[in-house]
Every structure is written in structure tokens, then in C-alpha cells.
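Dock chains P, G and F against the given chain Z, drawing on the hints supplied.
4 protein chains.
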Amino acid sequence: MSSTFGTVFRVSTFGESHCRGVGAIVDGCPPGMLLTETDIQPQLDRRRPGQSAVATARNEKDRVTIQSGTEQGKTLGTPISLFVANEDQKPGDYSEMAKIPRPSHADYTYQMKYGIRASSGGGRSSARETIGRVCAGAIAEKFLDETYGIEIIAWVSSVSNIGSHEPNLMTISRTEIDQTIIRCPDRKAAAEMEALIRKTKEEKDSVGGVVSCICRNVPAGLGEPVFNKLEAMLAQAMLSIPASKGFEIGSGFAGTRMKGSEHNDPFVNKGPRLGTTTNFSGGVQGGISNGEPIIFRVAFKPPATIGRQQQTADFAGNETILEAKGRHDPCVVARAVPIIESMAAIVLADCVLQQRSRFP
Amino acid sequence: MSSTFGTVFRVSTFGESHCRGVGAIVDGCPPGMLLTETDIQPQLDRRRPGQSAVATARNEKDRVTIQSGTEQGKTLGTPISLFVANEDQKPGDYSEMAKIPRPSHADYTYQMKYGIRASSGGGRSSARETIGRVCAGAIAEKFLDETYGIEIIAWVSSVSNIGSHEPNLMTISRTEIDQTIIRCPDRKAAAEMEALIRKTKEEKDSVGGVVSCICRNVPAGLGEPVFNKLEAMLAQAMLSIPASKGFEIGSGFAGTRMKGSEHNDPFVNKGPRLGTTTNFSGGVQGGISNGEPIIFRVAFKPPATIGRQQQTADFAGNETILEAKGRHDPCVVARAVPIIESMAAIVLADCVLQQRSRFP
Amino acid sequence: MSSTFGTVFRVSTFGESHCRGVGAIVDGCPPGMLLTETDIQPQLDRRRPGQSAVATARNEKDRVTIQSGTEQGKTLGTPISLFVANEDQKPGDYSEMAKIPRPSHADYTYQMKYGIRASSGGGRSSARETIGRVCAGAIAEKFLDETYGIEIIAWVSSVSNIGSHEPNLMTISRTEIDQTIIRCPDRKAAAEMEALIRKTKEEKDSVGGVVSCICRNVPAGLGEPVFNKLEAMLAQAMLSIPASKGFEIGSGFAGTRMKGSEHNDPFVNKGPRLGTTTNFSGGVQGGISNGEPIIFRVAFKPPATIGRQQQTADFAGNETILEAKGRHDPCVVARAVPIIESMAAIVLADCVLQQRSRFP
Amino acid sequence: MSSTFGTVFRVSTFGESHCRGVGAIVDGCPPGMLLTETDIQPQLDRRRPGQSAVATARNEKDRVTIQSGTEQGKTLGTPISLFVANEDQKPGDYSEMAKIPRPSHADYTYQMKYGIRASSGGGRSSARETIGRVCAGAIAEKFLDETYGIEIIAWVSSVSNIGSHEPNLMTISRTEIDQTIIRCPDRKAAAEMEALIRKTKEEKDSVGGVVSCICRNVPAGLGEPVFNKLEAMLAQAMLSIPASKGFEIGSGFAGTRMKGSEHNDPFVNKGPRLGTTTNFSGGVQGGISNGEPIIFRVAFKPPATIGRQQQTADFAGNETILEAKGRHDPCVVARAVPIIESMAAIVLADCVLQQRSRFP
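Protein chains in written order, with my numbering: chain Z, 1 to 360; chain P, 1 to 360; chain G, 1 to 360; chain F, 1 to 360.
Just chain Z, with the same shape it has in the complex (with noise of 0.2 Å):
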């Protein structure tokens, strides 16, 4: 039940990162909306690896299909199938990379648990498994905007330590984010974590960095005390994506620093509804959405994959030298944004399909 994430709307996801293909099943979407797989594939598009190469060859990969659960372009109310093909479908040789768990990657970690691994490219551990978060991800996203308006929009808000200025929380946006390849919108940040990403790529080397999110929108009253706190089950979907390492809300770790006094949200009315003059909360209150936006940082570290020699030991415990051959990524920060906007519309959208259980 490892692979399954949420209780009414519920995602499935499939797939390692040399068999046939990865995806996801939705299982719990309503029924009667719009849905076609041109729904999904922007944000697929924006999840992929070398964003910066050429347009036309990004079209061409990862290509989502609709397999089951909608018909004429709306859904079903049924399991909605979500498909995309592995290019690379064989698995690696068992050369050195069986014999050398790789340093703080999941090679030792599979072996312990399941007594095999897939003999390559991690397997189910691969950042390919997020294919199907992301698919199931823009499903939600659809979903909250059509009936609330919900807005999750993601960005890097520091790399090693490079920070930048926070952005019109109420304003930014995805075309925004979306200028600087590293996906920072403060620019004079932006160039800096792109030089220093340059310079680590040059010396073999990784770095990692913060993602920010904001939810705007969010109507009152989502989340489902006490273990499905809203924090909670954002916390959990965070820590779930590969190489995070910390998960805050609102004011979070600095937080502690602070008073009561400080900290707590004064109410106000804000027309329609009661609003706070300040969010300290992050947009939750006993575990429950309270109609501010809301905001969270997720830490990760910087890719174990690197090109330099590293002293290790093999699985039989002999020491040894491993040197990672062929292409990798020194910062996974960017590529994390879309990732952390589906993991948190998924968490919205169950919230809110629990939610209206209470009242007809």
C-alpha cells in the first residue's frame, strides 16, 4: 500500500526507472469534469530534465497517455489510467555499480529491505517515479481550480547559501517562476545560484537549496485532525519526493525564535469572511485550513550523485574507490517545483473531497 497516497481522492503511482513506462491511477476524481491529456502534459513538461535544451526535442519525451476513467474529454468518476513510456527500457549492466552501493543513495537501502534492486538507475527510487505524482498532480490542480480557484505555485527560494527576496506572495505565478531556469524569481538571485550551480557542475560536485509554496485560495475549513492534519499530510507528501530533507510551515523553524505575542495571528474581518492581519500560521490552525494562503518550505539536499571519486566501501564490506560515470544533475531544486505543486494539489484535493462528506 506503499505506493498509494490519500483517502478519497487517491493516487497509485507505478513504474522504475528502466521498465516500460511509469504513471499513476486516480481513484476518486469526480466526475463530469474536463480532462484530456492536454490537461496534464504542461506540467510534465515542466518536471523534465534539460529545460534549457531545445523545444523541439523536449516535445517529443515523456508523453502522458490517458488510459482509462474519462470519455469525450470528461471524467467518469472512475479510475483514471495515466501512462508514460520509459525511453530506456533495459536495465544497466551488473558491473561495478552492483557490487558499490552508491553513498547516500538507495542502492544499500532496496538491497536491505526488499533482498534484490533493480540493477539500475534506482529503480523505483529513480526521480522518474515522480511522473506519476506529477500526472495525478495536474488532475487535482484542475480540479481546485474549477471549484475554488485554489492557485499552488512553487518556487527555489535559495540554493546552497544563496537565499533571495520573497516575492509578492499574492502576485507571483507560474510564468513568472518560470524566466530563470532555476526557477527563482528574485533575477539578481537567480544568476547567482545558476553561476554557482555552473561552478559545482565543473567541479564534480552538488548543491542543494530551498522550494517555496504558496496555496492561495484555499477555502476554511480543509484538513482532517489529528493525524490528517493538513500540516501533517502536507509534511508527509514533502518528505516523500526524493532527497527532501525537511518540511515547514509558516513561520516553522524560525518560529521557535519567536513570542506568542509575535507569533499569533491577529483576526480581522476581511469582508466575507474572517481573515488574520498576519500568517505566521501559514494558513493552518489546529490542523485545519483557516482562508489565509498557505505557505511552506521544503529543504533538499544536494544530489548524491556526483562526478568525484568517493572513498566508500562495497556491499561485501571491502573499501573501495566509486566514480559516477555519465551525466548528472548538481542541483534538483528546480525540477522539484512542479513535483511539490502536484504533491500539495493532491493533498488539497482529497482535503476537500473529505471535507464535503459533512455536510450535503
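Source of the hints: derived by calculation from the structure; they are not laboratory data.
Since we're looking at a predicted model, the values are computed, not measured.
Among the hints, erroneous ones may be present.
[As the list claims (entries may be wrong)] In silico negatives: residues of chain G with every beta carbon more than 10 Å from chain P: (1) R117; (2) A254; (3) Q309.
[Claimed, not checked] The list that follows gives simulated cross-link-like pairs (lysine-lysine, DSS-like), each with its CA atoms no further than 30 Å apart: (4) K74(Z) - K259(F); (5) K61(G) - K74(P); (6) K270(P) - K61(P); (7) K201(Z) - K74(P); (8) K204(Z) - K61(Z); (9) K270(P) - K259(P); (10) K270(G) - K99(F); (11) K61(Z) - K325(Z); (12) K259(Z) - K204(P); (13) K99(G) - K99(F); (14) K74(G) - K325(P); (15) K259(F) - K199(G); (16) K270(G) - K204(F); (17) K259(Z) - K259(P).
From the three backbone atoms N, C-alpha and C, an ideal C-beta is built for every residue, glycine too.
Below, chains P, G and F alone, put in the same frame as chain Z:
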């Protein structure tokens, strides 16, 4: 289903602050384990408020009763029902509190979600809800101790901007932790923290802090990729605790500022198993435990209930001044310690039982 | 998780026959519903053994207490904890019963499954386990009555080879059912059944029977294809009741002998909705309710506990003679009536809440 | 979540009759098991319609592809995605069928539930939905065979009012079953059944029947009391199969007419284990397998699609005559045989994996 947590080792909690009582059902606990109330009460006592008060008074309160699932001191493999009576079973009066939602409390969001809410004391968002978790966690801990000798120890690592030296992670114990009221093993820091909390109390304000936790002797192979990764389940568990705002594992947010060549944990022969020389991963790689200690931190905001006057709005949207009456706790982190240990134990016990299903 | 039933309206039961008590947690009940113990006790009284005994005696036993989830007589939308104390909380002696598994009882299988078992009275396989179901079912019934005016009525339709005339399905009521001890509305058949049961009791033997159930005013659209079809969930619910051996809906097994041209239920205009002129479908088509009454039957075997001597083997495999001591019930169908109603109510309440998630 | 079945061994199916394809994801299958398409295809072939048609034609249809979860012919312990393309991927025209709900079909109820429905072929209520179950069931069977040598064999025991002699339950095999088209091992009865079906087809009518199933070599201890009792999960599984109307285990409905002294299964020493001399329990006591064969029966109604004219009403409530066009199957029981085996295998595999969690 929001009050149930876990897949095979499943905990369902119940109870508001002013109903007859609070507690939990633990379903899926293995049969034949020795278990009586004396295995549970100590951790429940550690959770109690007023730890510095006279011992006699303390012992009379929050007594757990096992209502089912054991016979002659052994688990039967059937649901274990745990009950703790509430002392104050009369809900408060519908006065000021009923009209004014407390800032950064759950009054407003519960009302928006359910259209009704417990009239006083926080209802289900009250700290008393965590009693059921601690009862269940004590059972999980016993199971983990007996099967793998797993030790779970949490402590306060910072209060407001007062940090502390990291204890010896291999030897730190609950006995050592409990030697200061604030549960910080760095005695000097503890004294400063306690002084700050006393000062804060005088100022009718509150402060936040960070709790660290280590889980030792966790075998490799625990955690269920991809959505129920060990760190994802810990994140959900921790963010479901009242007042928590962040979670990080291993290097966490600080790790985002490291290079891959620094952050990767090299493998080394550790006798019967492969280990790592550093532990920036926090004991988890690819969502699965690697045999090294699990290390994580949880951020807690300053408690929302403060004695100071607060400018806010009532439910009708009218500006008003709120002044909380009665006692309130200016810092929750010391009490959060056993709750964090309990939730970690529940997560790990569930992971152990799920992993068992793979091999005969 | 085996003691939890339902997806949105979720019931978790606990309790053995000789522990402190039995009960249930109901999670997911909509908020704002009027609910006190007086809504639950009547159905619990109907479940009680010794229905023909003096009323006063009866009223002192099996009193339910709502421990959480309501305030001032209204549901809060939080888990409702229900408790009924056991009168006899001392497990029996480890004598004959401990060495000899009772034929067609659960002694042997519990021992094989758990490696331990409650020392007397059946433990979790005891009829007392159904108390939690009936408590939860009464809440489900109240919800169904208030939302759709749904009526659920079960009755005994056969005992051993004594059948009965089908009552008027549109008017049959619990009042009518309860006019005979055996709960068969056909007075003549009821008299014969009761005579047979008395005779069987004298012979220290037992008999089985069939209970029929109708659910009226069920709206079209309930049931979750494909695995949680309405009839599938009813089948699971009914076969989970102790001593049940079969389930059939609508035409059931008799329908296997009909032609399609006879069995198909023609549609007809029934004013506000489309109805059918016959109801061989039993109110369900394709796993979804069609607006006609849900009709099903449940088979109960003769109780395994009989006073007669039985040739059998002890746990060690030695031939032996077992002679049950004490009182025993020669026929369980009359008491099964409220249990069946309760389980049907839980299934329908869960279906209603799940269906709500589809449309705002 | 309605299209997912199982707790640890979990099957999620997808697909309508006229979308791109149908299939399933199996999550929780133990790692390291040999598995290729050739383990699945034979049971899928047995499920196919037109079994009496030329073999060549048959082999070209309904070919399963494993899309993920295996490598070099072994399971990885990750989700196994299974896909079977639909031949006819164009939904039918919105003509007569669109206006007139077919009596005793799911057209009306799907429309009422979802507000939309697949325009032809039954969509999700189509028999093609069972392809995913059979694929998943074949995997479950392989696991059960390898771990315990469990054998699951179903056969047609009656068609309309034509019964049959019970086969030798200890030796009956699929080979033996498949020697007649109707899959009834009683050759004389089989001939009568086939004659009746041919006659029924000429009359443009349909007939129902009963399928029996035996599961041999099931170890004691499977089944999860109280709601997931083995018989309860089997009942859910069987009633989720299209056109099924009833389920009974062991003595079933006939057992209601027996005395306890006849019905109780006496224990006897069967060498390494305790067994019973009779098996009215059907291999299950208290919801847990006892080591004797599991025996159950499933009732199937006559198929709703018949060639005869039917007096009915259209969606608008107007009286009309419906005359079904095209081919239709006058009896589904022979094809139900592998579906029942598959669902039984899925239930048992899930029970085995759950039981493993109890003991190291």
C-alpha cells in the same frame, strides 16, 4: 478516519478535553507480549503538566486503564483499548470565549470545518488528545525494545534563541534528559532556558523551541517507499502534534547549504553490517532505514494562549480585545518530548510489522 | 486493522467477553447531529440475551456510555467513543476448556492464529463483540433516518426447516417484528419456531435459521464500484457476524434458476424517479442502489455450543468426550436481528458519506 | 478507493470496456518471486469469451504486459503494473442505448451515481473490468503455490435447475474442470447444461447458475477477525464480481436446517495437525482458517442482456420497448470460474501477508 494512524500497527485516538475521558485503541499489536498498565503509566507521567509539582499530587492523575486486548498480563493480538478519565468533565460556559476565536488557536478553524466546536478547552485540539498517543506509543516502544532493542530518546535542543550543545548521541538517555525540568541535557543551556521561560511567564507571553530525537538500534530495511517512506511517516507523525511547525531529518535545512561531496555518507564495514562514517542522511536513504541512528528535529511555535491582551476580532467580525484567563503554559517543548518519542515509536512499530510481511 | 470497518464512516470495535468492557469508536460521523445514550440504548436492549426475562433485570445490564465526541447532546464531528462494561470480568479457569477446543468454535483457530487465546467465553469471537457494532449502528441509523428517512428492518424468516410467509415489505416495522420472541412476523410460523427451539433446548441441541432484512427509502446512487459495491460491502458486513454462513441479495440463490426474461426488473415511471416493477435485483444494480428497497438474507448455522456429549480431540490430538456446561442459547437468529440492522446501517451511512464527496 | 482491494497484498484495477485498456496494479507482492507474463496469460485465456472458438484467434487477444515491478523475471517488491489493451477503443454511438437504461443493467445506477456514464458496453460495470482481477489473481496464486502449495479450483455446480454430483474434492483439478465448455466436472450434467444454454440462446434468453470453489492446503490461522474474517473477505470479493447475487461458505444456507449436533465438526488427530472429520464449517471457524479445505459457492443471476423485446421505460420515464442488438452471452458461469479463483487467491495472499506480521 482522521483519528487513526498506521497500517498494521494501528492507533485510533479519541477524546476531547472536557468529555468523560481520552484514550486510544491499538489494533495489530503482536500477541503474547507481556503488557500491563505499569508499562504505560511512566511515559504518561512524563507527559503530564506540572512536572515540578509535588509527586503525590501527580500520581493521582491521568491513570491509564487497559480495557481489553490483554489477559493475565499478556497481549491477545486483539484490539487494546486504553482509557484515561478526564478530571474536569464539565464543558465551560458559553461566555467570552464562545464569541471570540482565540488568535492562532483552533477555535475558528474547528467552527469553520464542523459548524460546531467543543465549548471550551480546545476540544480535540487540546493537548489532552495526545494522551492516547502516549499510551499507544508506550506499547509500541515495548514491542520495539523486545524485538530489536530499539531506543528512542528525545530532548529539548533549543528554546527561543537559546541553543545547546549536542549530547553524546550514542549514550544519551531519558534519565539524563529528565534531570532538568526543561529536558535539555546541556545543563548550562537548560538553566538559561528555564530562566527565559520564567521571565516569559512573568511577561504573560510564551516562547517556542526545537525538540531533537534519536532512535538507536533501528535495523536496516524499515520504511515503505514511495509515499510511506520512513521520513515521510515521521514527518506526518510529528506535524500532527499540536503546535509543531516543522520537521527535518539528518542534515535537514542546514544540509541544503552543503555540497554533495560533504553530505554523502561514505559506507564502511561495521562488522556484521555495512555502516556509514557520517550520518547526514539521518539514518534513512531512499525512505528506508540504513541501520544508522534515525535523527530528526521538530519545531514548536510559542503557545498561542498568552495572558496579554490581544487586539483581534470576534466571530461576527467586530474588533475586540481578548484577554486569556487562568493558567497557561509558556513553553510546550518539555512536555512534547514524550509525545515525540511516542509518535516515533508508533511509526517504527508499524514499519517493523509491514516489513515482516515480505519474508516468511 | 481488522477491527475497523468503513471508509468515511468508520467503526472500530474492541473487547473480549471477560475483559473490562466492550465498545467502539465511531470516526467520521457528521457534526451537529443530536445524539445521546438514549438514541443507542434501545437497539442495545434488543440485542440482549434473555429477552423474555423480567424487564427490570434487563434494564440494569449493558448500559452504554458515550465517552467522547458529543457535547450538550450534539455530535462534534470528532471520534465518538462508546463503552459498555462487562459484568463478569474474571476470565474462567484453565480447566477442561483449556485443553479441548470446542468443535466448530474458534478456540482452535484463535490458538493457531495468535499462539494465545482468551481463556474463556470466546474472547473476541464471543457474541459480546457485537455490542460495539450495535452501538455504532444505532448512530448510523439515526444519521440515515435524519438525512433520507431510511428504515432498516430485519426479521427471522426461517428456523431450521420452518419457513414463513413474507411480510408486507412496505409496512413491516420493528414493533411488528418484536411482537414474538423469535422475531418472525408470521405469527403461525413464529409459534412453530418457538416450539422447535424449546424442544431443541430440551434435547441439549441447537438449530440454525435465516434472517431477512429490508432497507427502505435508500436513494439511488449508493455503493462504490468495483470492490466496494453495495452488495459486496453488505456481504462482508454480514459474513463478519458470528455464526453467519451465507448471504444473498434480491433473488439470491433462487435467482440462479430463473431466466433473464423473468429476472430482469423492467423500469417504470415512479413519479419523481424511475423505479422497477419487480425487484429481483434487491435494490442494487452494478453495485449501486437503484432507489428500490434493498433486500437481503443471511444464513446462520446452529450454535456450536450444545449440551450434548461430543466425541472430539483435545489440543494434543487425544480422543476425548466434551460436555459443555452452563446455559447456552439453542438459536441465535432472534438476537442477530438488531446486529444485522446495525451492520446494514453502518454500510449505508458509509456509502452516503462517500457519495457526498462527488458533488458539492 | 473503491477500485482497490486488500490490505497488504493490494490490487487496484482500472479500465472501461471501450477505453484504451484495462489492467491493475499489484502493490505489496513479496520481492524475489519469479514472474513473467507467461505466469499470468493462461488464467487470462481461461477468462476469455468464445472459449470454443478457434485457438489461433484466441491467442491474439487480451495479451497482458507487465509494465513495472519486475526485472529479469523477478519481482522487485514494488508495484507491478499490468496492462491489457482494448481491441475496440471507440465508444458506441449515443443512440437508443443512451436514452433507455437496460433493465437490471448498471446504466441507470451509474447515471444516478456519477451524473455521467460510459456511452456503451457497460463501462466499468463491463465484464472486461475483471481482466485486472484475473491478472492480479494469477500473481497471488503463484505466491500461494510457492509458499504453501495452495490450490484453488472452481467449477460450475449448477445451471438453472440442473444440478450436478459433487466431484472428489481432494483430487478435482483445473484440467478436469476444463474438459467441458461449461466447466462442470459431472459430464452428464455438463451435457444437459450445455444443451439448456444452447436452447436458451435460441430463445434469446439467459440463465443463471452456481459456481463452487475449493481452496486446498490452506494453513490454519488465516483471516483477520473481526471485520476481515476470512469468510467476510471472500464474501466481499465474490459479491464484487458482476452478476453475483449470493455467497455461502461450508454448509451455507442448507446448514440453517441442520442441528448443532450434526453440524459441529469434531476434531481428530490428522498427524502433524488437528483436523476435523466433517467440514460443514467450510474450513473456517471464527473467521480464521482451520487447516481444512475452504469451500464456498457463488450464485450468478441470468445475464441481464437478452435478445428478447423488453417492456421498460426510458430515462425520461416514457414507456418503451427495448430490443438488445448484437451478440450476448446466455450464461456467464463458465467464464466466472477463473474470476472466482482469482479473487479467492487475492484474499488468501493478503491474509498470508497479514498473518506474517504477527510473528518474526
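Hint by hint, here is what the structure shows:
no. : hint              : result
1   : R117              : 7 Å, violated
2   : A254              : 38 Å, holds
3   : Q309              : 29 Å, holds
4   : K74(Z) - K259(F)  : 57 Å, violated
5   : K61(G) - K74(P)   : 28 Å, holds
6   : K270(P) - K61(P)  : 46 Å, violated
7   : K201(Z) - K74(P)  : 59 Å, violated
8   : K204(Z) - K61(Z)  : 27 Å, holds
9   : K270(P) - K259(P) : 25 Å, holds
10  : K270(G) - K99(F)  : 17 Å, holds
11  : K61(Z) - K325(Z)  : 23 Å, holds
12  : K259(Z) - K204(P) : 10 Å, holds
13  : K99(G) - K99(F)   : 67 Å, violated
14  : K74(G) - K325(P)  : 27 Å, holds
15  : K259(F) - K199(G) : 12 Å, holds
16  : K270(G) - K204(F) : 29 Å, holds
17  : K259(Z) - K259(P) : 34 Å, violated
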